[in-house]
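> Read off the chains here:
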Amino acid sequence: MYEPQRLRRYGIQPVLRNSLGSALIVAIALFFLVLLAVLLSDTPGTTLRYFFLGPLQNTYSFGNMLNAAIPLIFGGLGISLAMRAGSFNLGGEGQLYGGAFAATIAAISWSSWGLLGGIAAVVVGALVGGVLAGFSGLLRMKWNTNELITSFLLSNVVVLIINYLIAGPYQDPETNLIATRSIPEFMRFTRILEPSNLSTGFYGALIAVLLVHVYLYHTKSGYELRMVGLNTMFARYGGINALWYRVWPMMLSGALYGLGGAVAIFGTYYTSMREFLLGMGYNGLAVALIARFRPAMVIPAALFFAYIESGARSAMMHSDVTFEIASIVQAVVFFLVTSKVFQTIGTHRRRS
Amino acid sequence: MSEALITILRSSLAIMTPLLLAATGGLFTELSGMLNIALEGLMLIGAFASIVGTALTGNPLFGILIGISGTVAVAALLGFVTLYLKSNVFITGLATNLFASGITVVLAFHLFGNKGVVVFETVQSLPRWDLPLLRDIPIISDLFNHHHVLVYLSWILLILASWVLYRTPFGMRLRAAGLHEKTLISLGLQPKRYRFIAFLISGLSCALAGAILSLNLGAFVPNITSGKGWIALVVIFLGHRRPLGLFFAALLFGFADAFSNYAQGLWNIPADFILAIPYLFTLLVMILLSVYTSRKSKFD
Numbered sequence: 018m019y020e021p022q023r024l025r026r027y028g029i030q031p032v033l034r035n036s037l038g039s040a041l042i043v044a045i046a047l048f049f050l051v052l053l054a055v056l057l058s059d060t061p062g063t064t065l066r067y068f069f070l071g072p073l074q075n076t077y078s079f080g081n082m083l084n085a086a087i088p089l090i091f092g093g094l095g096i097s098l099a100m101r102a103g104s105f106n107l108g109g110e111g112q113l114y115g116g117a118f119a120a121t122i123a124a125i126s127w128s129s130w131g132l133l134g135g136i137a138a139v140v141v142g143a144l145v146g147g148v149l150a151g152f153s154g155l156l157r158m159k160w161n162t163n164e165l166i167t168s169f170l171l172s173n174v175v176v177l178i179i180n181y182l183i184a185g186p187y188q189d190p191e192t193n194l195i196a197t198r199s200i201p202e203f204m205r206f207t208r209i210l211e212p213s214n215l216s217t218g219f220y221g222a223l224i225a226v227l228l229v230h231v232y233l234y235h236t237k238s239g240y241e242l243r244m245v246g247l248n249t250m251f252a253r254y255g256g257i258n259a260l261w262y263r264v265w266p267m268m269l270s271g272a273l274y275g276l277g278g279a280v281a282i283f284g285t286y287y288t289s290m291r292e293f294l295l296g297m298g299y300n301g302l303a304v305a306l307i308a309r310f311r312p313a314m315v316i317p318a319a320l321f322f323a324y325i326e327s328g329a330r331s332a333m334m335h336s337d338v339t340f341e342i343a344s345i346v347q348a349v350v351f352f353l354v355t356s357k358v359f360q361t362i363g364t365h366r367r368r369s
Numbered sequence: 005m006s007e008a009l010i011t012i013l014r015s016s017l018a019i020m021t022p023l024l025l026a027a028t029g030g031l032f033t034e035l036s037g038m039l040n041i042a043l044e045g046l047m048l049i050g051a052f053a054s055i056v057g058t059a060l061t062g063n064p065l066f067g068i069l070i071g072i073s074g075t076v077a078v079a080a081l082l083g084f085v086t087l088y089l090k091s092n093v094f095i096t097g098l099a100t101n102l103f104a105s106g107i108t109v110v111l112a113f114h115l116f117g118n119k120g121v122v123v124f125e126t127v128q129s130l131p132r133w134d135l136p137l138l139r140d141i142p143i144i145s146d147l148f149n150h151h152h153v154l155v156y157l158s159w160i161l162l163i164l165a166s167w168v169l170y171r172t173p174f175g176m177r178l179r180a181a182g183l184h185e186k187t188l189i190s191l192g193l194q195p196k197r198y199r200f201i202a203f204l205i206s207g208l209s210c211a212l213a214g215a216i217l218s219l220n221l222g223a224f225v226p227n228i229t230s231g232k233g234w235i236a237l238v239v240i241f242l243g244h245r246r247p248l249g250l251f252f253a254a255l256l257f258g259f260a261d262a263f264s265n266y267a268q269g270l271w272n273i274p275a276d277f278i279l280a281i282p283y284l285f286t287l288l289v290m291i292l293l294s295v296y297t298s299r300k301s302k303f304d
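Residue numbers (our numbering), protein chains in the order written: chain H, 18 to 369; chain Z, 5 to 304.
For reference, chain Z alone in the conformation it holds in the complex (with noise of 0.2 angstroms):
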C-alpha cells in the first residue's frame, strides 16, 4: 500500500469518528420512529459544554462529564417538547439547533468577551493510545494505532449500541416503537418514553462527537460543527439504518473529507471548494442510492 493512501486511510479513522459517534445516537431515535435533525445542534452545544468544562475543571474526563449532562439536559427538553408537548419533530429539532449556535455565542461572549474564536491554552488536546496488541504489525499499526481515546470508543459504543438495539428487550421495544407502535401499546407500554430515552441517548453520544471537535483544536468556535450533525443524519440513512451500514457510511465521509484534505494539498483548490465536498458527495450518494432502490423497487 503507498504512503499516501495509508495516510488518508488512517486520518479517514479520525475524521469518521465525530460523524459515527453521532450517528450511532441518531441510530436510536431513527429506529425509535423520529426524525432527529438536532444532531447538528446538540454537537454543537456537546462542543462548547466540554471544552468548557475541561478548562473549568483541568481535565477533560470531567470536561467531557460537563459537556454530556449539558447536551442530554438540551436532549431532554427537546424530547419533552417533542413528545409530551405533543410537537412536531423536525421543527423542534431546527429549533434545538437554532438554540444552540444561539446559546453558545451568547454564554461564549458573557463568559470570555468573545463572540468569535475563544482559545483555551490550558486545554491538551485528547490522549493517544498505544495498543500493544497492534504495534508489530506493520499496516494495520499505521492505520489503526495511535488514535486518540475517543476513536476507539465510538467502535466499542457502536457494538454496544447493536447488542442493545438487537438483543435486549429495551432495543426490541424501542425499535418497535418506530415500526409499528401500536404493538407497543397493546403490550401495554409507553412508545413515548422509548423515544424519551432515545433523545438522551442521542444527546449523550453528540456530546462525545461534539467534545472531540472541540477538544482536539483547543479552542472553540461558533458553528464548529458546520454540518457534521446533518451528515451524521445521512450517515444512518445510507447506511440503511444498521450499525455496520453506519460505521462505512460514516468511513465513506472520512473518507472524502480526508482525501479532499490530501487534495487541497497536492493542487491547491479554494478552500469553499473543499468545505463543499462533503455536502457534494452525499448528495451523490444519496441519488445513486435512490435511483438503485427504484430500480431495484420495479424489478421486485
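Chain H extracted, bound-state conformation (with noise of 0.2 angstroms):
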C-alpha cells in the first residue's frame, strides 16, 4: 500500500485501514456525545434522540443534510487531489468562499446572456479558487515556500477582503442582511427533494467523485500527478515534469473549492452572505482524511460529517445544547482518526 512520500513526512499513514478500529473512532467520539449530552443537557434523553434520528427523520432535515455534504465533498476531493500530489492546500476555506463570490457576482452581471452566463459564472467561481489555491503552489515551485502556510494565509486574506466586499460595495441594499443581490432565478438548480434544500448540485458533486477518481487513476496526467506524490526525485527521473506538479493539483485542488463554492451558490444560497460557507474548507479536509485521500470514499466521509452537523443543528432546535458541540464531536473524530495504534487494532491478534 503506497502513500504520497511528502505525507509520509507529516506522519500521515493509510487511515481506518481496519474496520475495528475505524468502528472504535466512532464509538469513542459517539460516547463522548453522550457524555456531553449528560453533562450539559437537562434532557439527555430528547437531546440524543434528536442529535441521532433528527437528521433522518422526514425529508426535509434528509435532504438537507445531503444538501450539507455537498460542498464537504468538493472540499474533500480538492484536498484529496493536492495530497496525492505532496501539496497541502490549507486554503481551502478563501477559495470556497472566493468561488462563491466570484460565481455569485459573474452570475448577476451576465444574466442577460442566459444560461450560458450561468454556466461562465460557475467556471469563474472554479477559476477563482484555481488561481488562488495555484499561487501557493507556484510560489512553491519557484522559490520553495511552504504551500501549506502561504495557502492558508492567503485564504485569511480572501476572506476578510470579500466579508469587506459583501458588506460594502457589493451589498444588496434592499436587504437587512449582510448579503449580495441573489442570482436570477432562471440560473438556480432544480430543487430534487422538497421541501429540503437539495438541488441537482448533488448529481454534480458525484459527476465531481466519478471524475476526480477516472482523472487519477486512469489518466497519464493522473498517474503522473500521484508519482510526484509518491516520489518525486523518482519522478523527475521517469522524466516527469515534477515542478509542473507542484502548481497543476494545487489548481485543482483550489477549483474544486470554488467549485464547490459557486455551486451552493447556484443550489442552496443564491446569494453571497458574510461569512456563510465557513468551516467548511476544514471540514472538507477532515473529510478528505477519513476518506484517505480516496475519491470514492470522500462521498461516505462527508456524509457523516453531515449527519454529525444536522444532527447538532437539529438537537440545538429542539433541545437546550448548541450547535457547537458538533465540532467537539469532530474534534473526537480527528485527534484518533490518523492513530497508528486505532489502526492495528484489529492487525495485532494476528501478527503474534
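Hints should not be assumed to be uniformly reliable.
[As the list claims (entries may be wrong)] Restraint-style ranges between C-beta atoms, simulated for each label pair:
#1 H:THR361 to Z:SER73: 31 to 41 angstroms
#2 Z:TYR170 to H:TYR254: 51 to 61 angstroms
#3 Z:ASN272 to H:VAL51: 50 to 60 angstroms
[As the list claims (entries may be wrong)] Partial pick of chain H residues on the chain Z-facing surface, computed with a CB cut under 10 angstroms:
#4 TYR299
#5 LEU306
#6 ILE316
#7 VAL350
Please keep in mind that the hints were generated in silico from the structure rather than gathered at the bench.
Beta carbons: idealized from backbone N, C-alpha and C, even for Gly.
Assembling the complex is the task here: the two chains are given apart, and the hints tell you how they should meet.
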C-alpha cells in the first residue's frame, strides 16, 4: 500500500485500515457526545434522540443533510488531489468563499446572457479558487515556499477582503442581511427533494467524484501526479515535469473548492452572505483525511460529517444544547483518525 | 523621535506580547521536531479559562493559574494522542483548534447562557508596572515603562527559554529530539518524553498568551485569538527558530498591527482590511524569505 512520500514525512499513514479501529473511533466520538449531552443538557434523552434521529426523521432534514454534504464532497476531493501530489492545500476556506462570491457576482452581471452566463459564472468560481491555490503552488515551485502556510495566509486575506466587498460595494441595499444581490431565478439549480434544499448540485458532486477518480487512476496526467507525490526524485528521473506538479494539483484542488462554492450558490443560497461558508474548508480537509485521499471514499466521509452537523443542528432546535457540540465530536474524530495505534488494533492478534 | 512613532512602537510592544509568549512555547515543540499548529486552540482555551477563573476567584493570579492548568491539560491530551497513540501531529493540532473553539462556546453557553461576547465586569485589567530604573530616561520610559506585568514576564520567559534550550542538558536533548532522534535513542533516552514536555510547555505559554487577550479586554469573545496562534507559528519560522529571532519577528508583527491600527484612525480604512494586514504582511515576509533562502542556496 503506497502513500505520498511527503505525507509520510508528515506522518500521515493510511487511515481506517481496518473496520475495528474505525468502529472504535466512531464509538468513542459517540461516547463523548452522550457524555456531553448528559453533562450539559437537562433532558439528555431528548437531546440524543434529536441528535441521532433528527437528520433522518423526514425528507426535509434528510435532504438538507445530503445538501450539506455537497461542499464537503468538493472540498474533500480538492484536498485529496493536492495530498496525492504531495501538496498541502490549507486555503480551502478562502477558495470556497472566493469561488462562491465570484460566481455570484458573475451570475448577476451576466444574467442577460441566459444560461450561458450561468455556466460561465460557475467556471469563474472554479477559476478563482484555482488561481488562489495555484498561486501557493507557484510559490512552492519557484522558491520552495511552504504552500501549507501560504495557502492558509492567502485564504485568510481573501476571506476578509470578501467580507468587506459583501458588506460594502456589493451589498444588496434592498435586504437587511449582509449579503449580495441574488442570482437570477432561471439560473438556479432544480430542487430534487422538496421541501428540503437539496438540488441537482448533488448530482454534480457525484459526477465530480467520478471525474476525479478517473483522472487520478485512469489518465496519464493523474498517474504522473500520483508519481510525483510518491517520490518526486524518482518521478523526475522518469522524465515527469515534477515542477509542473507543484502547481497543477494545487490549481485543481482550489478549482474544486471554488466549484463547491459556486454550487452552493446556485443550488442553495443564491446569494453570498457574509462568512456563510465558514468552516466548510476545514471540514473538507477532515473529510479527505477520513477518506484516506481516495475520491470514492469521500462520499461516505462527507455524509458522516454532514450527519453529525445536522444532528447537532436538530438537537439545538429541539433541545437545550448549542450547535458547537458538533465541533467537539468532530474534534474527537480528528484526534483519533490518524492514530496508528487505532489502525493496528485489529491486526494485533494476527501478528502474535 | 516623533510622537506618532513612539505611540506606534509602544503599542507594538504590547501587541507583540501574546505572539511572543505563544511563539516561545511553540519554539519548544518546534525544536523537538513537532509542527505544533495547536497554538491557536491552546491560546483560546487559555483565554477562556483565565478569565472565567479570574471571575470566579476574584484574583487574576489565581485566574491565570486556572487558565494554565486547563490549557496544560489540553496540551497533555494533544501530546498523549500525538505521541502515544501515534497520530499525525498536524491533524491532532487541527483537532485541538476545533475542540477549543467548540468547548469554549459550549461552556460559555452552558455557564452564562450566552454564545456571543461574555463581559466580566468584576475583572480588572492586568496591573501595570512602573519601573523606577526607566522612569527618568525620556524616550526609553515612554516606550518601555508602564506596560502590564505579562509584557515584562514574556521577555523574562524568552531569556529563560533560551537558557533552558541552549545551556541545560534537558534543552539540548530536546533539540536533539528534533535534529536527530536516533542520537537520543542511542543514549537510551526517549525522544517522546521530551516532545511531550515540549507540548506541556507550549500549553503553559499559550495559557499566558490567551490570558492577556481576555483579561485585557475584560471579556471573552468567541474566537478571541483570531489567528494569533497561527501568526505565532509564523513568528517561529520567521525568527529562524532562535529566541532572539522570535523577538524581532514578533516585534515586526506587533509593529504591523500597531501601524494598521494607527493608520485606521488616520485614513478610515475598512476594519476588514485592517484585520487582513497581519496575514498579508506575513505572506509577503514568507515569500521574501523563501526567495532569499533559495537565492542563497543557489550560490552556496
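> The structure should be examined with respect to each hint, and the outcome stated for every one.
Each hint tested on the structure:
1. H:THR361 to Z:SER73: 31 to 41 angstroms: Between THR361 (chain H) and SER73 (chain Z), where Cβ atoms are some 33 angstroms apart, the hint holds.
2. Z:TYR170 to H:TYR254: 51 to 61 angstroms: Check failed, 41 angstroms falls outside 51 to 61 angstroms.
3. Z:ASN272 to H:VAL51: 50 to 60 angstroms: 52 angstroms, holds
4. TYR299: With Cβ-Cβ at 7 angstroms, under 10 angstroms, it holds.
5. LEU306: Holds, about 6 angstroms.
6. ILE316: 21 angstroms, violated
7. VAL350: 8 angstroms, holds
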